[in-house]
Amino acid sequence: MIPLPRPLYTALKLAALAAVVVVLALLPRFTSEFRIGQFTFVGIYFIALLGLNILTGYSGQISLGHGAFMGIGAYVTAVLTLGRKGLVLFGHHPPHWIPLGDGMRPTLTIPIAFVVTGIVGFLFGMPALRLAGVSLALATFAMAVSLPTVAKRFEDVTGGGGGLSLPLPATPFGLHVSTPHWLYYEAWGCAAILFVVAWLLVRARVGRAWRAIRDGELAATASGVSPALYKTLAFGVSSAFAGVAGGLLAIQVAYVNPDTFPLSLSILLLASVVVGGLGSLSGVIVGALMLEFLPIYAQHPPFVGQSFSKQAPGVAFGVVLILIMFAVPAGAAGLLRRFFRPLTKPVPTVSD
Amino acid sequence: MTEFLQQIVSGLASGAIYASLALALVLIYRSTDVINFAQGEMATFTTYTAWSLMHHGLSYWPAFVLTLAIAFSGGVAVERVIIRPVERRPEIVIVIVTIGLLIAINAITGWIWGADVKAFDSPFPNDTWDVHGVTVSIQDVGTFGVCMLTVLLLWGFFRFTTVGLAMRAVAINPNASRLLAVRVGWMLALGWGLAAVLGAVAGMMAAPTVFLDPSMMLVILIYAFAAAVLGGIDSPIGAVVGGLALGVVINLLSRYVNFVGTELRLPTALAILLIVLIIRPQGLFGHKAVRRV
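As you go down the protein sequences, you meet chains F and E in turn. The opening position of the first sequence corresponds to residue 1 in the working numbering, with each subsequent residue numbered one higher. The opening position of the second sequence corresponds to residue 353 in the working numbering, with each subsequent residue numbered one higher.
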């Protein structure tokens, strides 16, 4: 087969991206509101996985606490939406030094969730990235397990074990779309913006620094890249993305409690990002689809009894994760790339 | 004062459990340079196996020994079948594989034994001793004794046997060991087997108090992580000292500091982990990672 020239390949990629955008934009016209809800979750997971892929795929660090950072984002959105008035109404008395207004529009809390969670991630990353290798994985693992207990302890702000109920979502700004449609477009709108941000980041100076550290920390240091700074930066960015995803999740389900973000969520997020493909932004969509739909379809698994159905997603995720590491470390995106290899391989020259 | 001493004794008992699991993590870290995130789930699985053996009529200590044998072969099998294919790949790949193992084993445990909580018998009478006015629970003393005996036996194995020596050599320099006709691959597998045995001991000692459920070792694994980091992630003595110290400190903090209470025990472990990483990343007994370029 004759390989395609580079510009044509880029055009092909852009066309695929445009097709995805068109499908996502038109999807609500053709499906039930129930499905739209599911695809809203896909959008939310997509954002979270984008962040995790920046960290794991590009800078080579593992976080087992991504779900916990979603939780922080969710609490930021919930608390700001309710405001001091709302919290007092539920019988909570947040300390006065916390700057709380009298409630905000849920959508407007999203940028704040981005910033706050990003800062928390950056601060947490500073000590956690001290040891080479897996110290971040250790610290974030501990964080994911302890977040629910911390949230229960500080119930004046978080509502404790009972959680916080948000006002039911409604379409803001007087727009003429139904609420599920609005939530869908809100989630995917954020996803689109953050996809562009991620794309710009990994192609910029900082993205090159991340990849340099991932592929050879020593060589990167010798070239004047500070591993500590850039790793912490990657963790901050990935946390900020998780914060947005958590905020959107809080708006979507109109309820936050400490057990909405268990360790299992963090682990499944990592599994999904690996399945989608480490170091591939477009592969993330595969991971997001799998995270939303695999547990749903695994409820009626073929060949095995009902007693297995609850555990089936876990076994499937675990086994798939191991097999992918054995056979296709680049995940779904890697498979696709391998499939298109004949089209994209550079033309051999005489010197070869 | 007597209550203070009682808190220390019960802290030492839970600390011994953390120490066993921390030592398992350190064993694998020293030989393969990775943290085995599935260590806790492997321990849970073997503890359930012990429960099944006892459920089928075996008494405690035969079931205990049989479980250790099963854990050992299981650990060796996991290394041979699942870790070996990725042995030479980047660290992150191996870590992700152990996380896959964590997910899969947790789900398989729930599948075989169900997700509901089960009671697990203790071999020690639910009684107390009176030592100069300090009430000491026999359960605590037994737990501490079994864990420390395991650690001592292991130390003897590494110190006085040829295989133990070979395993230490492999941890320090696999290539040179291979030249001296040490079978490096099997030594690594042996390390995984011994780590699984330590995990099984920790699991069976913890189960009477925390009860059996598929995620019972999760919290203990976090304490073990904190203990291993506190003692120095590459130091076996550090893991044991770190585990015991962590058990005592957390017990005292949760008893005497109102802010911590029983709810914030786990976040306190996380805080200790972070503080150690800030002040002394190599831990109490660990070595600074120095690399020659």
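To be clear, the hints were calculated from the coordinates, so they are not data collected in a lab. Among the clues, some could well be false.
As the list claims (entries may be wrong) - Just some of the chain F residues that point at chain E, by a computed CB distance under 10 Å:
#, residue
1, 84
2, 85
3, 89
4, 119
5, 122
6, 129
7, 157
8, 281
9, 316
10, 317
To be verified - With beta-carbon atoms standing in for the labels, derived distance ranges:
#, chain 1, residue 1, chain 2, residue 2, range
11, F, 115, E, 480, 52 to 60 Å
12, E, 563, F, 160, 22 to 30 Å
13, E, 640, F, 93, 54 to 62 Å
Said to hold, decoys possible - Anything over 12 Å on all C-beta distances counts as not near chain E; from chain F, calculated:
#, residue
14, 14
15, 21
16, 24
17, 25
18, 34
19, 36
20, 102
21, 124
22, 134
23, 147
24, 149
25, 180
26, 264
27, 325
28, 326
29, 327
The structure displayed is predicted, hence computed values, not measured ones. Cβ atoms here follow ideal geometry from the backbone N, Cα and C, with glycine treated the same way.
Hint-by-hint comparison with the structure:
1. 84: Constraint on residue 84 (chain F) not satisfied, violated at 24 Å.
2. 85: Constraint on residue 85 (chain F) not satisfied, violated at 28 Å.
3. 89: Violated, about 25 Å.
4. 119: Violated, about 16 Å.
5. 122: violated (14 Å)
6. 129: holds (9 Å)
7. 157: Violated - the Cβ of residue 157 (chain F) stays beyond 10 Å from chain E, reaching only about 15 Å at its closest.
8. 281: violated (18 Å)
9. 316: holds (8 Å)
10. 317: holds (5 Å)
11. F:115 x E:480: 52 to 60 Å: holds (55 Å)
12. E:563 x F:160: 22 to 30 Å: holds (24 Å)
13. E:640 x F:93: 54 to 62 Å: violated (48 Å)
14. 14: Correct as stated: the minimum Cβ-Cβ distance to chain E is 31 Å, above 12 Å.
15. 21: Fine: 31 Å to the nearest Cβ keeps residue 21 (chain F) off the interface.
16. 24: Residue 24 (chain F) is indeed farther than 12 Å from all Cβ atoms of chain E, at 29 Å.
17. 25: holds (34 Å)
18. 34: holds (27 Å)
19. 36: holds (29 Å)
20. 102: Consistent with the label, residue 102 (chain F) stays out of reach of chain E, its closest Cβ about 30 Å off (over 12 Å).
21. 124: violated (8 Å)
22. 134: Non-interface label on residue 134 (chain F) violated, nearest chain E Cβ at 5 Å vs cutoff 12 Å.
23. 147: violated (9 Å)
24. 149: violated (6 Å)
25. 180: Since the minimum Cβ distance to chain E is about 32 Å, residue 180 (chain F) lies beyond 12 Å and the statement holds.
26. 264: The assertion about residue 264 (chain F) is violated, with a minimum of 8 Å to chain E.
27. 325: Check fails; 5 Å does not lie beyond 12 Å.
28. 326: violated (6 Å)
29. 327: violated (10 Å)
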